[in-house]
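Novice: Each chain is listed here by its residues.
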Amino acid sequence: MLKLFTRTAGLKDRQTHYCPGCTHGIVHRLVAEALTDLDILGNTIGCASVGCSILSYNYFNVDMIESAHGRAPAVATGVKRVHPDRIVFTYQGDGDLASIGTAEIVHAAHRSENITVIFINNAIYGMTGGQMAPTTLVGQKTTTAPKGRDASHCGSPLRIAEMFAKIPGASYIARVSVHSAKHVRQAGKTIRTAFAYQQQGYGFSMVEVLSTCPTGWGLSPVEALDWLEDNMIPYYPLGVYKAVETIS
Amino acid sequence: MLKLFTRTAGLKDRQTHYCPGCTHGIVHRLVAEALTDLDILGNTIGCASVGCSILSYNYFNVDMIESAHGRAPAVATGVKRVHPDRIVFTYQGDGDLASIGTAEIVHAAHRSENITVIFINNAIYGMTGGQMAPTTLVGQKTTTAPKGRDASHCGSPLRIAEMFAKIPGASYIARVSVHSAKHVRQAGKTIRTAFAYQQQGYGFSMVEVLSTCPTGWGLSPVEALDWLEDNMIPYYPLGVYKAVETIS
Amino acid sequence: MKSQKLICAGFGGQGVMSLGQLLAYAGMIEGREVSWLPSYGPEMRGGTAYCCVNIADRPIGSPLISDDADCAIVMNLPSFHKFEPLVVPGGRVLVNSSLIDEQSTRADLHAYYIPANEIAVTCGNVKMANMVMLGAYIKLTGVVSESSVMKAFGKVFTKKTPQLRKQNKAALKHGAASISDQVPLPAAI
Amino acid sequence: MKSQKLICAGFGGQGVMSLGQLLAYAGMIEGREVSWLPSYGPEMRGGTAYCCVNIADRPIGSPLISDDADCAIVMNLPSFHKFEPLVVPGGRVLVNSSLIDEQSTRADLHAYYIPANEIAVTCGNVKMANMVMLGAYIKLTGVVSESSVMKAFGKVFTKKTPQLRKQNKAALKHGAASISDQVPLPAAI
Amino acid sequence: MGRTLMKGNEALAEAAIRGGCTHFFGYPITPQNEIPEYLSRELPKHGGVYLQAESEVAAIHMVYGASAAGGRVLTSSSSPGIALMQEGLSVLAAAQLPCVVLNVQRAGPGIGGIQPSQADYHQMTRGGGNGDYRIPSLAPATIQESVEMMSEAFEIAERYRTPVFIVSDGMLGQMMEPVEFKKQKKEPSQPKTWALTGHQGKRKPVIIKTMSLVPEILEQNNQNLQRKYRDIEEKEPKFERFRTDGAEIILVAYGSTSRIVKDSIELLKRTGINAGLIRPATLWPFPQQPFNEISHPCRHVLCIEMNCGQMVDDVRLSVRERFPVSFYGRCGGVIPTPGEIADQVKKLLGER
Amino acid sequence: MGRTLMKGNEALAEAAIRGGCTHFFGYPITPQNEIPEYLSRELPKHGGVYLQAESEVAAIHMVYGASAAGGRVLTSSSSPGIALMQEGLSVLAAAQLPCVVLNVQRAGPGIGGIQPSQADYHQMTRGGGNGDYRIPSLAPATIQESVEMMSEAFEIAERYRTPVFIVSDGMLGQMMEPVEFKKQKKEPSQPKTWALTGHQGKRKPVIIKTMSLVPEILEQNNQNLQRKYRDIEEKEPKFERFRTDGAEIILVAYGSTSRIVKDSIELLKRTGINAGLIRPATLWPFPQQPFNEISHPCRHVLCIEMNCGQMVDDVRLSVRERFPVSFYGRCGGVIPTPGEIADQVKKLLGER
Amino acid sequence: MAKKITAVVTIAVDRCKGCGLCASSCPLELLKISKSTLNVYGYHPVIIERMEECMGCANCFVMCPDYAITIERTVHAGA
Amino acid sequence: MAKKITAVVTIAVDRCKGCGLCASSCPLELLKISKSTLNVYGYHPVIIERMEECMGCANCFVMCPDYAITIERTVHAGA
Ligand SMILES: Cc1ncc(C[n+]2csc(CCOP(=O)(O)OP(=O)(O)O)c2C)c(N)n1
Ligand SMILES: Cc1ncc(C[n+]2csc(CCOP(=O)(O)OP(=O)(O)O)c2C)c(N)n1
Ligand code: SF4
Ligand code: SF4
Ligand code: SF4
Ligand code: SF4
Ligand code: SF4
Ligand code: SF4
Ligand SMILES: [Mg+2]
Ligand SMILES: [Mg+2]
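Chains as they are written, first to last, in numbering that gives the first Met the number 0: chain A, 0 to 247; chain B, 0 to 247; chain C, 0 to 188; chain D, 0 to 188; chain E, 0 to 351; chain F, 0 to 351; chain G, 0 to 78; chain H, 0 to 78.
Heads up, a few of these hints could be off.
To be verified - Pairs of lysine-lysine residues, derived as DSS-like cross-links and limited to a Cα-Cα distance of at most 25 Å, are as follows: (1) F/Lys234 / B/Lys11; (2) G/Lys34 / C/Lys126; (3) G/Lys3 / C/Lys126; (4) H/Lys34 / A/Lys2; (5) B/Lys146 / E/Lys44; (6) H/Lys34 / A/Lys181; (7) C/Lys159 / B/Lys140; (8) B/Lys140 / E/Lys203; (9) D/Lys1 / F/Lys44; (10) F/Lys268 / D/Lys159; (11) E/Lys44 / A/Lys11; (12) B/Lys2 / G/Lys34; (13) C/Lys159 / E/Lys203; (14) B/Lys140 / C/Lys1; (15) D/Lys158 / A/Lys140.
What the hints assert, rightly or not - Derived list of chain B stretches under chain A, where covered just means 3 residues or more per stretch with a C-beta under 8 Å from a C-beta of chain A: (16) 91 to 103; (17) 161 to 173.
No wet-lab data here; the hints were simulated from the structure. Ideal Cβ placement from N, Cα and C applies to all residues, glycine included.
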């Protein structure tokens, strides 16, 4: 019996622009595999956001639209309302989704837009050079929090999955991580489930993916995986926070 | 023993512009009384928002600033960062806070800005003529939901208190109502507690007040009280959703 | 035919807006150029709302009537104070005397005093006071016919039970009658 | 003194930016007008970063050097391809021959081949390859003195242990030495 | 179908439906609320989608998404709401996506007031979005023209693949006037092959974007846009002339102000003064021709706006010093009277 | 203190601290990130407050609140971020609150690119906020001038109670040049009696607002603003002339482009062509004087911008048809070379 | 020791908007909208009908959105 | 019935950015960054050292952010 592990048809054959060891690439693969597995590549429209993943339209083998910073959920809403029978997803960073785009993502969930959101929480603004994000951990150093984030100055990080589980319009909310092969496999399943929710018309689904930014964190790619495990997971527990229905 | 119930010093002696029976007026009194009771009138700066209560700067006997639609929490942040020793509050409607101003209010809570937010949930846009708000109940008719809000079209109403209780930076989150004298008295105590949180430096406090809009709802003022009790309270349960500390 | 510029004003609930709309609609039905412009915005209840109606035979320029109204219909006291001064010399002011017990002091106007509320009650519905005033107005000016107004009625109102129709018609007629025996005060200019 | 326009290019980690800054700083210390302009933005790692340095005796106009560089210091192959064409006839190109094994084909340039990485290793730190190139450059042009560069060193770097200082100085010297016996190729124009 | 009496705002909404509008996204704001209210009621009956956005920022990006997906999309707002759309408008223009954006102007600056104004002329013609882009701005003066311009707006938007403004104001939006709806084209002239539909495994993925990190490519994109804008400047200027022949003074006004100016011209005629009107019906492209053709016996050009003087710069650029240009305006929601404008003219021409 | 070599962005940040900036609110965006990064490190050391906002929209309203409370407030962004601030800027202008807003321009439209550009000229001079307001825009050409303009900006902002723009770009922001910091005034000249402080039971409550539902009052507010703007137009225009005496052609350029143009003028001189430069150092108010004073032997005015032609309208309005005005520009982040500009000049003047 | 409470309820007629919230909250139903009076703003104000029965519970004060009601409540010791 | 697994791991050298995520996830530590090689983008790519030991667990594939790894895994029945 032969099994082949190779680039999925959901991805174009192209070098990515990501830094070495940046886990954006892993999540791209998981999304692309989910779309391929569910056989919806040709039926999918993706909304890229502003952040390191803005160029993801160069990688996903589906129709894609670039959204202004934070607005991908509004853009996805526009797309989905024209094509209710297509699969629509956004792919957003934590600066994009949890900071400038807070209103848009909350209201996509509120309206129960039948879209899937892939939310990359890497606790930092990667693209612009490592500034503080709303998800930056207390004590974590960034270029705009040179002494580390100080909760007495700007609070403690937002927990997006927990918050969104409280929005009535959300159907499926989960948090996963990609810091180890085991977790990557679990993340893949979760992302597939989120898309299945959309396929079956349950409304808003979101997967928060704890991800690394070795460049922004000033760590080697492998150190970054460990840092994620040791620091992010305790503050951002993994799991399914809401699931209105048990589907596969 | 003589007790006098009369206009508090926290309010200017002026006719309000509100519709007959609009409970904005009641909440104004509660806020003004809380500031008077805590003896902080001269030390307080209020941020009015865009909505029927925009003119509240004509009524509160404190320094006031008008904020653009949805931005009062950002304005309050600016004020508070200049005057950390002053009491700063916002007074916002549900269109203002829960719709256009979602990002600003979430991030004021996220940063744990040491301000107090009075959030008037009247399930509608009063000022602009009764359009749908994110808090409009399913089935409720509005000028932009002429057949009543349809959850399959635009989701179910946001529950702000529940959501904000999940934000680590929030210190005190409660929901009250003003549909009966008993509830008004309870609301007054709760609002005072919220300001006390700020006085004692606990960070972000918010009181969601279920309120009526007889004009927007197309009901008489007294019918509106009943409608609130019968329809809003079941969906928006009253109570304290978060309190990091027990203070009086 | 002569063009007409009318300002029509009163409390929020007195139906001044629909009075104006009916008139404009009737004018349109008669093939004339018309415009209707409301005051708008979050009026404080108890404040005054008003509208401007133009009826003419050439395209209407400004729909706003600033200082050259041919007629003002005023349904409450603040409106009387605000709009009487905007009527041109020789013009008319129709005063709802049920709520306004002042009289015009302008010698250059024709003033008519119509107890519209009372008349409306006799027509079966106090809400018809606006129609009473309209009846008087079209009788005085002849700018549109009663039948055009009744046709317009079908267009402007969504609720139009036969009973309402009947009350309406009665109000128009009683309004017209109410001034048939009135010598406009001051008598002449 | 003659003005100098230098483009300095290489991979992200090769220190081309600080090479340029040191030079500009040294120029300023010597009382001259200077400017330093980096390429910026989210470069794909493995891409090429570069900076432009102007040293002159009158205020610097454009800090960008588009097609009239007096010299290009190139630390990797893509830089060599991109920037060699921008040097004016009679200008210089300093090539890091540790990583670039091509040679200039322009007959109108003075080309110098410096195995900067290897020389840097002999100075104790492969990261000093940029200083090797700078040493060669100031030796060739005399645009600033070595001591000004060493003074600038204190300003540009936040980390400045005595050991780094020593390695730095050594690299500058070895760089200078590396070209002392080189006949620039092609020999003459 | 005959004439019907309608509010300007509702007529625009009805015209949008008849013009084949498939999607509306917007956020309430006075004085344009009749538009979303009408559409929330009527658009679904025609198979269209009305969706209330959480803000104007969100609305314009929903428009972007829906337009990219091939919808015929409308949004509507008033002055401060349009200010919030500036980034989105720049994105729409850059991505070359069609849509119609209505501005029912109210008085500013800041929160300002809700009464009529034309103080968004700069906003409508020079934007506040970043970068080099322009947006065709149609400025109706009557409700009839409003409904005609609505279907024209969709056509221009799709022909040139650009957002298009319709510039109204609180007066035009709130007033009623007879209007007649003519048959309108509902379908785009060209198939939207560029739209997002999902590639269905049958073609290369479509990518809609505005970012280019390579300056030379971005310059190329800009040049393509500029070529389009020159084309629009050539073909799309619209204007009305009213009694300009033999006029000693030319008044320039657009939208509702132009109606008032017509009354002023009538008044002036009665006092023996021949005044004419040039009414730009497109603000960008600003019509050059009628200004080139101003001639003897004109002695003066007077620009009238409900603002503090914005269009007057375009008038100056078009008159090119051939005649003196002056400005008169009212602002803050104050509507000038025909009489005061006539007085201005008399003052300018010298007492007789 | 002597000269020090600094990045334009960092120099601006340092100048802000020395200029008494007490509060900074901003949101990251390339190519201005060095400014918030520097201030997050340094401002707290001077007792100031650095706070990262959740967006540019929030940032400008934090600025509004902090300015109203009496702070000396700065924000900084780049093109699309400034687009998002338009509503807030209109509010700040209307409320007459001082603050300084930095725009380190990048290429557009839309998300565009991150390389230098001047395509926000319209945005900087005509805004996209609603209503009639103007914002003084200072446009430095060197890093030295940047730091000088920073303290000037705070002074103008407080003197006139208005937001003030500093218009930079990716080139000026990212480059390093020697700079010298001179002693700066840190305190406002007049006490801010209008600021929110809490009335302490000692005075009437202060109310800061921009809404007026009564048109006559709002018109009055507008007229007050306009009076102030006329005052600024009279007193604050700034410009540089470079070799304009005896020039056959006058080039007009601002900011970093003006530096390149100076090189072109040098090149042209070598070929025997006398070209001069007018460099507006304020974009609004746009300097009229140097244009009025252009005279023989000038035959032509050529406006050079890193965009598709925006300032050229102001140049035309100022030259008033006395000379032909042309435009040359590059865009998308492409920076013109001194040589290509010189070639344009030669083409215009005819080959020799 | 029983206490007797008396209360004087004053209504600022021109502030009252006739909304009826006070009346609906009075446990003794002492307040009524006066259909026959119109205040300066055109509202029918509320009136108190049997003041002597009022027990000064202040519900009406608490519910009035327009600060139109003032109450002087006196608690008389003994009986 | 014991199974034997063999696997062929192929690394696309020019796609590899030398991040080491594959190496750190290989339970058998079969992968190593090759300090001596530079690919066209200037990275030191990873190499597999003892392919024959590879059990085809695909951890390396799963962790590679750059799709540089392809694995053919064969499960041989019996032993
Ligand atoms: C309106 C606007 N503001 C700011 C920016 C600058 N910007 C680009 S990406 C980014 C943050 C990216 O962070 P995140 O969303 O976390 O994505 P990551 O790069 O970390 O994956 C910012 C602030 C922008 N492009 N547009
Ligand atoms: C930017 C902007 N968008 C829209 C509006 C119009 N507007 C004014 S108030 C309001 C909603 C008010 O509703 P809410 O906040 O619930 O207050 P309420 O009147 O119900 O108390 C809206 C949409 C505005 N003024 N500014
Ligand atoms: S900056 Fe961070 S998030 Fe962006 S590509 Fe590099 S590692 Fe990934
Ligand atoms: S519209 Fe509603 S919220 Fe506004 S004043 Fe009237 S009743 Fe109150
Ligand atoms: S105080 Fe109590 S008993 Fe007296 S009138 Fe008011 S509500 Fe009624
Ligand atoms: S509650 Fe106040 S405003 Fe309402 S009827 Fe009673 S006294 Fe009047
Ligand atoms: S497949 Fe498993 S065992 Fe083989 S190299 Fe990859 S990680 Fe190592
Ligand atoms: S994970 Fe991929 S990119 Fe990283 S070292 Fe291994 S093969 Fe190379
Ligand atoms: Mg991030
Ligand atoms: Mg509300």
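Novice: Against each hint, give a clear statement of whether it holds in the structure.
Specialist: To see whether the hints hold, each was checked on the structure:
With a CA separation close to 42 Å, the supplied pair F/Lys234 and B/Lys11 exceeds the 25 Å bound. With a CA separation close to 16 Å, the supplied pair G/Lys34 and C/Lys126 stays within the 25 Å bound. Straight-line distance between C-alpha atoms of G/Lys3 and C/Lys126 comes to about 48 Å, which puts the hinted pair past the 25 Å bound. With a CA separation close to 31 Å, the supplied pair H/Lys34 and A/Lys2 exceeds the 25 Å bound.
The suggested pairing of B/Lys146 with E/Lys44 holds, with an alpha-carbon distance near 12 Å, which does not exceed 25 Å. At roughly 28 Å between alpha-carbon atoms, H/Lys34 and A/Lys181 are farther apart than 25 Å, so this suggested pair is violated. The straight-line distance between the Cα atoms of C/Lys159 and B/Lys140 is roughly 22 Å, inside the 25 Å bound, and the hint therefore holds. A distance of roughly 45 Å separates the Cα atoms of B/Lys140 and E/Lys203; the hinted pair therefore is violated under the 25 Å criterion.
As the CA atoms of D/Lys1 and F/Lys44 are separated by approximately 42 Å, the hinted pair breaks the 25 Å bound. The suggested pairing of F/Lys268 with D/Lys159 is violated, with an alpha-carbon distance near 46 Å, which exceeds 25 Å. At roughly 42 Å between alpha-carbon atoms, E/Lys44 and A/Lys11 are farther apart than 25 Å, so this suggested pair is violated. With a C-alpha separation of about 31 Å, the suggested pairing of B/Lys2 with G/Lys34 is violated against the 25 Å cut-off.
Only pairs whose Cα atoms come within 25 Å are accepted, and C/Lys159 paired with E/Lys203 is rejected, the gap being roughly 59 Å. Proposed proximity of B/Lys140 and C/Lys1 is contradicted: the alpha carbons are some 45 Å apart, above 25 Å. Distance check on the hinted pair: D/Lys158 and A/Lys140 sit about 19 Å apart at the alpha-carbon level, within 25 Å; holds. Check result for the segment 91 to 103 of chain B against chain A: holds, 5 residues qualifying (beta carbon to beta carbon below 8 Å, three or more required).
Counting residues of the segment 161 to 173 of chain B whose CB falls under 8 Å from any CB of chain A gives 7; the rule of at least 3 is met.
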